[in-house]
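Peer 1: Sequence:
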Amino acid sequence: MEYLLPNGDRLSLPDGATGADAAAAIGPGLARAALAIKVDGVTYDLARPLPTGGEGRIEILTERSGEEALELIRHDAAHVFAEAMLELYPGVQISIGAPIENGFYYDLDLPDGVTLNEEDFPAIEARMREHIEADEPFVREDVPVAVALDRYRGAGQSYKVELIEDLVKNAPADAPVETVSLYTNGDFVDLCRGPHAPTTKRIRAFKLQSVAGAYWRGDSNRKMLTRVYGTAFFSQRELDEHLERLERARQNDHRRLGQQLGMFAFSEVSPGAAFWFPGGAAVFNELVRLSREMGRDRGYVEAKTPQVYDSSLWKTSGHWDKYDANMFVTEYEEQQMALKPMNCPGHAKLFSMQPHSYRDLPLRLWEPGLLHRREPSGTLHGLLRVRHFAQDDSHIFCTEDQIQEEVAGVLQFAFDTYRLFELDVRLELSTRPEQRIGSDELWDRSEAALESALAGLGLEYTINEGDGAFYGPKIDIHMTDSLGRSWQLGTCQLDYNMPERFGLAYTGADNAEHRPVMIHRALMGSYERFIGILLEHFGGELPVWLAPLQVIVLPIADRHNSYGRSLRDRMAALDIRVELDDRTESVGRKIRDAEVRKVPFMLVIGDREQASGEVGVREHRAGDVGAVPAEEFIRRISELIATRALRHDRASEG
RNA sequence: GCCGACGUAGCUCAGCUGGUAGAGCACUUCACUCGUAAUGAAGGGGUCCGGGGUUCGAGUCCCCGCGUCGGCUCCA
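The working numbering numbers the first residue of the first sequence as 35 and each following residue consecutively.
Treat the hints loosely; a few may be bogus.
Below, computed lysine-lysine pairings styled on DSSO-like, alpha-carbon distance capped at 27 Å [to be verified]: (1) 356 to 338; (2) 203 to 241; (3) 257 to 349; (4) 72 to 235; (5) 338 to 383; (6) 338 to 349.
These aren't lab readings, by the way, just hints derived from the structure by calculation.
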């Protein structure tokens, strides 16, 4: 058969030729460097005969092939890890190991009474290194199901047995599973789809990183296995660089930055709820103000609704049945009450308390509502996952033919918001979940409406089957934190159900009652989470308008304090967040402390400035940018704040 | 909630195999009055997360609880 190389050359190979043959035919250097071969986009082991048919586009993967090549040796490393564990921990049962972004993992069931922690890693790594040095070939073998089952039953590897049984059970009727592939390296045989590099020695550098728990089959009703995470690279240098990147990301952890900047803290007297220090509260309030102002310009109106409601409200909305375990419930004079975990039922109730004409629609209600959710203890994570938070929450009540325009408006609003911070986001459309309320017909209409809104704006998105809210499908907007974890920011959810349950109505042009549609939306998600994301995104260096402290005045000597005070007072009167550092310390010291706090502007004032009514401007990172008249500085910073400028570089130059 | 690790001064952390606590920074006071990333000295500050237990004696060992961290499950 004739194959096509990436450079356009053609390569003719006899039937039955392997990837190794292909590499050798191209050149001896490539034959040595080859790790695997890609045929029409599918990667194969070098030792396997090349598939025939298809277009025959082939590409030899080598160490220089990037992520695809790394995936191979990370998968290899997972096998070597399991091999070492079987040798070092008799009785261990292995389940699943796989390459993932930036590394690999393997899930194991350790014998009773045996635990694994990071102190055990050096010994395991040493054993892994022996197997890598031994340059064990990975040998693939396709064996009948019965043979594989016998093998793993005999070895007491019940997880592998279950995996094989499920492979057979879940195979489509027209393509039954009769054989499974096994990969052997050294004495270790693993059930595995492959592909692998030719030998273990291709793993040039690796490291075990952490140990964690993971449910078998991802099912919280099943056994918790021990998961070990690790990574592998083609050189020690690349591995070291990767570890350094992780360390830098840890420096940008919002919890660390929040502490360092004096913005917020947590206490065990209220787990999952932040205490906001004045600096952090200022940031919080700036964001609330931003959503209020942007909403006002887009036809939103502000509402306020209660914190605690009788359980009947939650029964009407359906939350009581689905989320009762996740609400803070309390009793009050024999009434069961619950703290609101979301604003929608309150807003629906509010809507129902006044008559509405079709002329009033869409009604865009906004409330920075305070919410409490009883999140399981193990899920809390700094500001990113909390029990008490405030959402920039809106509910749009509209007619069915207004849906598309409203959804488009919400998405546009979202992008306008994120642009202020240069945040890169991605969209996901989540469709009907198994546990839901409402008829399939309503769901069909809702999902179609969201899809056409996305299509209308020409946006790219992925689909999350079954991940919708229990009352309607949603478009979610996600972002990634400093360690690559994904967090949801915004959401736009379409809901026919809540209006139904609350019996909402408006009077149409025909003077008859009609049911409105409800669109739930939040753009920052929660202010807490958004601040966490922003801190990591900006490495703690928030734009001036958002900075906890915008200006600090640094008198050189005590005799400049009164000038400093007058400067501070003038700026404070303009709502600029400003402090005066009148400690009896050296300027050097005051500057250092201000730099550590990442204060965007430092105003150094001494005899010269005092005499001329100027300020010596120092910008965070940029350093001394020269003296300007105080008026001039105040005018410029006010401008930066008023326009919510993203950057202030050169702010004090002409 | 589940698995594992961790919890010592406001913060970051040290404290070997059990012998009743230490550093740096921060804070207070004093001296210094300083020109762009740490002036010096002195001082105050701890229910060693909480509760039980073992022991002559527990920060240290064991058990339970709480919290935090890394994951898993969940996330209206």
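Peer 1: If a hint holds in the structure, say so; if it doesn't, say that too.
Peer 2: Structure-based check of all given hints:
Simply put, residue 356 and residue 338 have alpha-carbon atoms about 25 Å apart, close enough for the 27 Å limit, and the pair holds. Restraint check: the Cα-Cα separation between residue 203 and residue 241 comes to about 36 Å, which exceeds 27 Å; the hinted pair is violated. With a CA separation close to 34 Å, the supplied pair residue 257 and residue 349 exceeds the 27 Å bound. For the hint pairing residue 72 with residue 235, the CA-to-CA distance comes to about 21 Å; that is within 27 Å, so the pair holds.
Distance restraint check for residue 338 and residue 383: the Cα-Cα separation of roughly 12 Å lies within the 27 Å cut-off, and the hinted pair is therefore satisfied. Restraint check for residue 338 and residue 349: the C-alpha separation of about 21 Å stays at or below 27 Å, so the hint holds.
The earlier numbered hints that this structure contradicts are 2 and 3.
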